[in-house]
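Going down the list, the sequences are from chains U and Z.
My numbering numbers the first residue of the first sequence as 1 and each following residue consecutively.
My numbering numbers the first residue of the second sequence as 1 and each following residue consecutively.
One should not assume that every hint holds.
[As the list claims (entries may be wrong)] Here are the simulated lysine to any residue pairs, SDA-like style, with alpha carbons at most 20 angstroms apart:
{"hint": "1", "chain 1": "Z", "residue 1": "K29", "chain 2": "Z", "residue 2": "T100"}
{"hint": "2", "chain 1": "Z", "residue 1": "K29", "chain 2": "Z", "residue 2": "V71"}
{"hint": "3", "chain 1": "Z", "residue 1": "K29", "chain 2": "U", "residue 2": "S18"}
{"hint": "4", "chain 1": "Z", "residue 1": "K29", "chain 2": "Z", "residue 2": "S19"}
{"hint": "5", "chain 1": "Z", "residue 1": "K29", "chain 2": "Z", "residue 2": "M45"}
{"hint": "6", "chain 1": "Z", "residue 1": "K29", "chain 2": "Z", "residue 2": "V14"}
{"hint": "7", "chain 1": "Z", "residue 1": "K29", "chain 2": "Z", "residue 2": "D47"}
{"hint": "8", "chain 1": "Z", "residue 1": "K29", "chain 2": "Z", "residue 2": "G140"}
{"hint": "9", "chain 1": "Z", "residue 1": "K29", "chain 2": "Z", "residue 2": "E65"}
{"hint": "10", "chain 1": "Z", "residue 1": "K29", "chain 2": "U", "residue 2": "D53"}
{"hint": "11", "chain 1": "Z", "residue 1": "K29", "chain 2": "U", "residue 2": "R20"}
{"hint": "12", "chain 1": "Z", "residue 1": "K29", "chain 2": "Z", "residue 2": "L233"}
{"hint": "13", "chain 1": "Z", "residue 1": "K29", "chain 2": "U", "residue 2": "G156"}
{"hint": "14", "chain 1": "Z", "residue 1": "K29", "chain 2": "Z", "residue 2": "E210"}
{"hint": "15", "chain 1": "Z", "residue 1": "K29", "chain 2": "U", "residue 2": "M1"}
Simulated from the structure, these hints should not be mistaken for laboratory data.
Everything numeric in this text was worked out from a predicted model, so none of it was measured.
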Amino acid sequence: MPRITVHVDGTTYTDDVSARTLLVQYLREHLGRTGTVVGCDTSNCGACTVHLDGQSVKSCSVLAAQADGHEITTIEGLSGDGGQHPMQQAFHDNHALQCGFCTPGMIMQAVDLLSDTPEPDDQQIREGLEGNLCRCTGYQNIVRAVRDASRRMRAGAEAEHTGETPAPRSAEERTAQPTGGQS
Amino acid sequence: MIPAPFDYIAPSTVAEAVSALEEAGEDAKVLAGGQSLLPVLRMRMADPGVVVDLGGVTALRGVREEGGSLVIGSMTTHHDVMRDPLVHHHAKLLAQTARTVADPQVRHRGTFGGALVHADPAGDLAAPTLALDAEMVLAGPSGARVVRASEFFVDYFTTALDPAEVLVEVRFPMFTGWSAHYEKFNRVAQAWSVVGVAAAVRVEAGAIAEARVGLTNMGSTPVRALAVEQALLGRPATPEAIRHAARHATEGTSPVSDAGADIDYREHLAQVLTGRAVTAAAGV
Numbered sequence: 001m002p003r004i005t006v007h008v009d010g011t012t013y014t015d016d017v018s019a020r021t022l023l024v025q026y027l028r029e030h031l032g033r034t035g036t037v038v039g040c041d042t043s044n045c046g047a048c049t050v051h052l053d054g055q056s057v058k059s060c061s062v063l064a065a066q067a068d069g070h071e072i073t074t075i076e077g078l079s080g081d082g083g084q085h086p087m088q089q090a091f092h093d094n095h096a097l098q099c100g101f102c103t104p105g106m107i108m109q110a111v112d113l114l115s116d117t118p119e120p121d122d123q124q125i126r127e128g129l130e131g132n133l134c135r136c137t138g139y140q141n142i143v144r145a146v147r148d149a150s151r152r153m154r155a156g157a158e159a160e161h162t163g164e165t166p167a168p169r170s171a172e173e174r175t176a177q178p179t180g181g182q183s
Numbered sequence: 001m002i003p004a005p006f007d008y009i010a011p012s013t014v015a016e017a018v019s020a021l022e023e024a025g026e027d028a029k030v031l032a033g034g035q036s037l038l039p040v041l042r043m044r045m046a047d048p049g050v051v052v053d054l055g056g057v058t059a060l061r062g063v064r065e066e067g068g069s070l071v072i073g074s075m076t077t078h079h080d081v082m083r084d085p086l087v088h089h090h091a092k093l094l095a096q097t098a099r100t101v102a103d104p105q106v107r108h109r110g111t112f113g114g115a116l117v118h119a120d121p122a123g124d125l126a127a128p129t130l131a132l133d134a135e136m137v138l139a140g141p142s143g144a145r146v147v148r149a150s151e152f153f154v155d156y157f158t159t160a161l162d163p164a165e166v167l168v169e170v171r172f173p174m175f176t177g178w179s180a181h182y183e184k185f186n187r188v189a190q191a192w193s194v195v196g197v198a199a200a201v202r203v204e205a206g207a208i209a210e211a212r213v214g215l216t217n218m219g220s221t222p223v224r225a226l227a228v229e230q231a232l233l234g235r236p237a238t239p240e241a242i243r244h245a246a247r248h249a250t251e252g253t254s255p256v257s258d259a260g261a262d263i264d265y266r267e268h269l270a271q272v273l274t275g276r277a278v279t280a281a282a283g284v
């Protein structure tokens, strides 16, 4: 039985797990982090997406043992202490979910996309999310939310740089103030 | 679904991995990125007693230039292959192909060597590896040996690798200054390629001076489209001339009918996609 030490959402855990334990199972059943969900169980849908050392992975296709010594961020560790992450807020404001089951994975993948491509066009957003399935929304509002989050996060980063609060640039942004600088 | 129980071994060197495999015999599976193996284990399509995880063998990761070759470590991820400046410079076709593999999450975990050893005829990376005439470096109990890509892919999900051998790295000749494109036809990101075409060309004074073309899923192994390569040589780099040469794309292939497509359709796709791949590679 492998002994693993993993850093999950800022906390270090050491556990004995059976070799066949999947990372998503470890997160949900051992650590109680049920914010990460299991959708298809065949690595198609992306609902179980978490970050492993800062890169998005499908946690149903990683063994817990493979995460030994690595850092995991789940949807529950995304927001930090300052309320919602700008991506979460953008999903909320743009009605980018209906049943919500795909949302944790969508958000984790969208954050990964923006860390790589801070200002994606719609095509890049769609390609960036091609490993995540949504059966409710038709994706339009999801793409809109990611575009919106991209604006907010860039504005937030700029404000952090200049020390100023960014002025909202659109009606959408006026109704939802950027939470700023959490990436 | 969770996999059946197995013993997990995490070596930190190639030698340790080889001895673990030797000891376990036929009952062992090598775990690279796990993006094919873990779904297979979860669905209980395989039930190995021992899984040897190469994740901790850091020497197997990375891309380097050595002795006039481009060398890709077997555990280098698709994400790293598609971003690597050396790959872009000397074997652009591999970067072009890697960026089409599955989706971003899978490309973060899935490895170049793992995909080649898995040898799924619908896997994308074998065709460019064959077309670029790679050499595979294998390590086993009696030392290292080199197998050419043309001899490495043996049959469906079968390579020249012995059970106690590990793919260490893949060496490519330099295709510096060549342009390239991988064109594939699949329904959605996670679906396997119905047919894929890997094309690399060197255009000189408006004509095709050299060409390499490999086909995905047109047989039990990747196929090098030698007749297309021959037909392209010296021809003007124009869409008409390329389409004409692309008609040879079915020569030497043995596609099958399955749920994705029947034989006629695959043959049609091979010709059309070869035309598109070479045209895009030539930039015309």
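Pair hint outcome, Z:K29 versus Z:V14 [Cα-Cα no greater than 20 angstroms]: holds (15 angstroms)
20 angstroms Cα cutoff - pair Z:K29, Z:M45: At roughly 13 angstroms apart (the allowed maximum being 20 angstroms), Z:M45 and Z:K29 satisfy the hint.
Hint consistency between Z:K29 and Z:S19 [alpha-carbon to alpha-carbon, up to 20 angstroms]: holds (13 angstroms)
Satisfaction of hint between U:S18 and Z:K29, Cα-Cα up to 20 angstroms: holds (17 angstroms)
Pair hint Z:K29 and Z:T100, alpha-carbon separation not exceeding 20 angstroms: With Cα atoms ~26 angstroms apart, Z:K29 and Z:T100 exceed 20 angstroms; violated.
Given hint Z:V71 paired with Z:K29 - CA-CA distance at most 20 angstroms: The hint is violated at about 25 angstroms.
Given hint U:G156 paired with Z:K29 - CA-CA distance at most 20 angstroms: Violated - the C-alpha atoms of U:G156 and Z:K29 are around 48 angstroms apart, more than 20 angstroms.
Restraint check for Z:K29 with U:D53, where alpha carbons must lie at most 20 angstroms apart: violated (25 angstroms)
20 angstroms Cα cutoff - pair Z:K29, Z:D47: holds (9 angstroms)
Distance restraint between Z:K29 and Z:L233, which requires alpha-carbon spacing of 20 angstroms or less: violated (43 angstroms)
Pairwise hint evaluation, Z:G140 against Z:K29, where the allowed Cα distance is 20 angstroms at most: The hint holds at about 15 angstroms.
Satisfaction of hint between U:M1 and Z:K29, Cα-Cα up to 20 angstroms: holds (18 angstroms)
Consistency with the previously given hints fails for numbers 1, 2, 9, 10, 12, 13 and 14, ordered from lowest to highest.
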